[in-house]
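Chains as they are written, first to last, in this note's numbering: chain A, 21 to 273; chain B, 13 to 116; chain C, 655 to 853.
Hints should not be assumed to be uniformly reliable.
Simulated crosslink set (DMTMM-like; lysine to aspartate or glutamate; CA at most 20 Å straight-line) [unchecked claim]:
| hint | chain 1 | residue 1 | chain 2 | residue 2 |
| --- | --- | --- | --- | --- |
| 1 | C | Lys738 | A | Asp209 |
| 2 | B | Lys50 | A | Glu245 |
| 3 | C | Lys829 | B | Asp89 |
| 4 | B | Lys50 | A | Asp103 |
| 5 | A | Lys259 | B | Glu41 |
| 6 | B | Lys50 | A | Asp257 |
| 7 | C | Lys672 | A | Asp74 |
Derived from the structure by calculation, the hints contain no laboratory data. Just so it is clear, the structure is predicted and the values come from calculations on it, not from any experiment.
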Amino acid sequence: MAGTEVLGRVTWRTGKVVALLDETSSARTIAIVVPDWPGHVAGQHIDVRLTAPDGYSAVRSYSIASAPNSDQRIEITVERLEDGEVSPYLTQEVAIGDELDLRGPIGQWFVWHIDQTEPIQLIAGGSGIVPLMAMVRSRASAGSTAPFRLLYSVREPGAIFYRDELTALSEQGESLIATYAYTRVTPKDWPRPAGRIDAELIASGTWPSSLRPSSYVCGPTSFVEHTTDLLIAAGHDRKRIRTERFGATGERK
Amino acid sequence: MNANISYLDGNAAGGELSSIFNVDLTAAEGQCANCGAKRRFADAHLYVDCPGLVARCATCEHVLLRLVNTGDHVFLDVRGMTYLSVDAAPRVSGEAKSGRVPSE
Amino acid sequence: MAIISRGFAGRRSTGEVKLPPGQYLTTDFPVLSAGPTPRISLDRWEFTIDDGTNVMQRWDWNSFRDLPRETITVDLHCVTRWSKLGTSWEGVSLDTLLANVKTDLPFTMFRSYGDYTTNLPLKDLVNKQAWIAFRYGGTDLAPEHGGPARLLVPHLYLWKSAKWVKGMTLMQHDKPGFWEGLGYHIYGDPWREQRYSEE
């Protein structure tokens with residue numbers, strides 16, 4: 021039965037890299053086919069393990085970027101960190117045809133199910149967009165009309181992942197409302213100066229608390245703490261805010 | 013309240029915990045044995061940069077859970093939680109395979 | 655069986671140096687912590703030696719810094735498999751701190767600000783084997799690396815070099831500390847690769 025597989029003890033499996041796509045100058049999407057993949061729900065992640073010939077290994081967690089599907093194919097988007105141990109390998113060395121050890125899908129809390137109908141507020145800091153994009157894509161492929169808003173904070177315009185897809189979805193009727201915030205460098209003639217998300221942007225760029233949305237906040241730990249504090253100050257119920265922290269440097273170990 | 017933001021959260025322990033439990037604990041509700049706060053395990057402050065996993069209460073920073081994976085064995089200490097509660101019938105559904113709501 | 659990742663080496667350098675079994679050389683200094691970094695003000699800091707009943711010695715920051723100190727260069731071996739060679743520290747030797755302590759209790763438990771503990775035999779602390787260090791690489795020890803002061807016992811795995819130390823309790827019997835009670839070896843000699851408990 022389909023249900024029991026997802027709940028079973030999570031063990032290591034082998035996937036094969038079938039496609040690579042550069043999202044930005046420092047981030048790449050890796051498409052992996054995993055035989056007997058039990059399926060996943062938007063928001064879940066996998067753990068990837070790299071092993072050197074002498075046995076040394078490193079494990080990192082990566083959110084699944086792709087929507088649930090029946091193809092046994094998942095995508096992760098990896099951002100290369102300057103002094104990262106695994107991300108430089110995944111963004112620069114991995115080639116089509118390579119095999120990767122992975123386990124998952126993991127996570128039962130920071131997930132969006134397609135039968136959820138309440139308004140959804142997604143707030144992403146940098147690479148925190150990845151699991152939220154899985155939710156956006158899941159909603160689109162399921163034909164859901166749940167009201168979705170995305171507040172996406174990045175350092176500078178070149179750092180936006182999935183830009184064209186987000187633009188296309190925002191322009192369709194019944195779809196996603198996307199608001200961008202820039203912390204270091206803004207586009208030319210941008211109305212708001214560069215800076216962190218603040219109370220004013222929460223008030224103008226997100227669902228009001230009176231709509232009782234479910235909120236999903238993802239990004240570096242300090243971004244998540246700061247944003248969560250702002251949402252609570254704006255009247256949102258803490259129990260309706262789900263968070264996923266990527267650590268100070270954005271890499272989850 | 014925490015001057016030091018070098019922790020992750022309970023979501024990041026999902027893989028290690030799933031390797032020994034038959035159920036994903038990230039959505040479990042736990043009660044801190046020190047301060048009594050009841051929170052989702054996903055909200056715990058998770059320290060992974062040490063010889064094991066340490067999950068601490070987001071309210072009082074007391075240790076909730078510690079896990080060490082030696083390769084041969086996994087050691088788990090959950091004395092920091094009064095209880096952990098998971099849904100008896102967690103939602104999983106055929107959605108996971110097909111991406112669509114099952115039509116029953 | 656793990657897939658070998660073609661071309662993956664991790665953040666390590668290979669070299670001709672002799673390392674304890676299973677260790678890899680690193681050039682950075684990873685920060686490993688089981689909890690938030692304690693922020694201890696120097697006017698509250700103290701280090702005590704007790705026997706479980708009586709405090710035998712106590713230093714505040716000023717009296718601690720008045721003690722004779724040494725500069726040492728040692729290799730660090732972490733149980734998570736990285737080793738860092740030739741690290742330079744300044745600290746007070748445990749020989750100095752124990753100079754006026756008369757005891758026949760053979761074991762110790764070190765306690766840190768926060769809730770960390772680690773146990774060591776007393777004989778592993780004397781004869782130039784251990785220090786309470788307050789400077790690293792020529793500057794004051796940073797909080798994330800254990801500052802204001804940490805224990806430094808280079809001949810054992812680095813988890814025994816407790817950060818943010820505040821005291822040492824002498825004990826009759828060996829008792830496991832924070833990690834020793836959860837699968838790590840009670841002693842921790844990297845040269846005999848004593849990572850995990852043997853039972």
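Cross-check of the supplied hints:
A threshold of 20 Å between alpha carbons decides the hint, and for lysine 738 (chain C) with aspartate 209 (chain A) the separation of about 50 Å lies outside it, so the pair is violated. For the proposed pair lysine 50 (chain B) and glutamate 245 (chain A), the alpha carbon gap of about 19 Å is at most 20 Å, so the pair holds. With a CA separation close to 17 Å, the supplied pair lysine 829 (chain C) and aspartate 89 (chain B) stays within the 20 Å bound. Between the alpha carbons of lysine 50 (chain B) and aspartate 103 (chain A) the distance comes to roughly 37 Å, so the proposed pair goes past 20 Å and is violated.
Between the alpha carbons of lysine 259 (chain A) and glutamate 41 (chain B) the distance comes to roughly 12 Å, so the proposed pair stays at or under 20 Å and holds. Of the pairs offered as hints, the one joining lysine 50 (chain B) and aspartate 257 (chain A) holds, with about 15 Å between alpha carbons and a cut-off of 20 Å not exceeded. The suggested pairing of lysine 672 (chain C) with aspartate 74 (chain A) holds, with an alpha-carbon distance near 16 Å, which does not exceed 20 Å.
Of the hints listed earlier, those the structure fails to meet are numbers 1 and 4, in rising order.
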